[in-house]
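J.: Sequence:
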Amino acid sequence: MFALALVALGFQTELWAIGATWIAATVGFCIMTAALTATISDQVPVGQRGFVSGWMSAPQAVGIIVGLVLVTMVVTGTVAGYALIAAALVVLTLPFLRRHDEPLAPGERARVTARGVAQSLWIGPRAHPDFGWTLLSRVLVSIGNALGTGLLLYFLMFGLGDANAETDLIVLTLIYMVFVIVASLGFGTLSDRLGRRRVFVFVAAALQGLAALLLALVPDLTVAMIAAGLLGLGYGCFLSVDQALATQVLPDPAARGKDLGIMNIATAVPQSLGPLLGAAAVVATGSFTLVFLLSAAFGIAGAVAVMRVRSVR
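Numbered as in my numbering, the sequence shown ends at 313 without a single skipped number.
Any given hint could turn out to be false.
To be verified - Lysine to any residue pairs mimicking SDA-like chemistry, simulated, CA-CA at most 25 Å apart:
#, residue 1, residue 2
1, LYS258, PHE2
2, LYS258, GLN60
3, LYS258, PRO95
4, LYS258, SER272
These aren't lab readings, by the way, just hints derived from the structure by calculation.
Using the sequences provided together with the hints, build the complete structure.
T.: In structure tokens form, the structure reads like this:
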């Protein structure tokens, strides 16, 4: 579904059609992610989940860099670019089919109904507070990250008056992605070795808040590069360790896929809401300062929320 939507996306020229095919691509991506994260919870020992989650998070950053190279240097044209990425997606997914799942016996499978699915989506925060705090932390940090990255091109163009805004955005993106990769793998492994999750997620969220404060208080290209590194360091750590943390606060071992799917929504939806909130802040104030102050506030609030988790160190 993800690959077919990407191919179709390359042919679209109308805004509504671009939106519709991108929604289909996002749905395909979310289905894949829910299954992958459920596999981590099902088959990876707790002491290795930070390491494995790092290897799930870091390739997303690698993909952005490689995708940029593919569509600018290897192929030309929108249709060919999306088709190449779609083909790579299918090929790189094939090895996962070689692993073995142990399906539930027919007698252990619950009957699936629309009403049952709808009711299962509500997980009471009072009954399961650690799941609730982890979910809230993820929502807050994800909105903060989207605010800090979603409007960077316009910040360079109109906030800094950068004549080379598009080129400099690529540089900032590369800095950000390199630190995401290093932090995902490094901090995910370190979290496993120390047996601690909360402090890593707290520091990750706080680093993102610090990066956003730098952009708000010192609007300068050099400072933006430093902030990009801090933001990547924080978000990379957050991606791997928070994913490991999420697998340890699930309410029901028999519903891991569904519960982790809810956690994934807390990452995907804020990525859409963040730029909208940022655009409203720019319209209201006429500058980007409030955008980055909000990003810092959301990041710091996410750090505070995760420290309320009690069942995981």
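J.: For LYS258 and SER272, compute the direct alpha-carbon distance and say whether it is at most 25 Å.
T.: holds (22 Å)
J.: When you check the alpha-carbon spacing of LYS258 and PRO95, does it fall within 25 Å?
T.: Holds: LYS258 and PRO95 sit about 24 Å apart, inside 25 Å.
J.: When you check the alpha-carbon spacing of LYS258 and PHE2, does it fall within 25 Å?
T.: holds (20 Å)
J.: Would the pair LYS258 and GLN60 pass a check requiring their Cα atoms to be no farther apart than 25 Å?
T.: holds (22 Å)
When the structure is compared with the earlier hints, no violation turns up for any of them.
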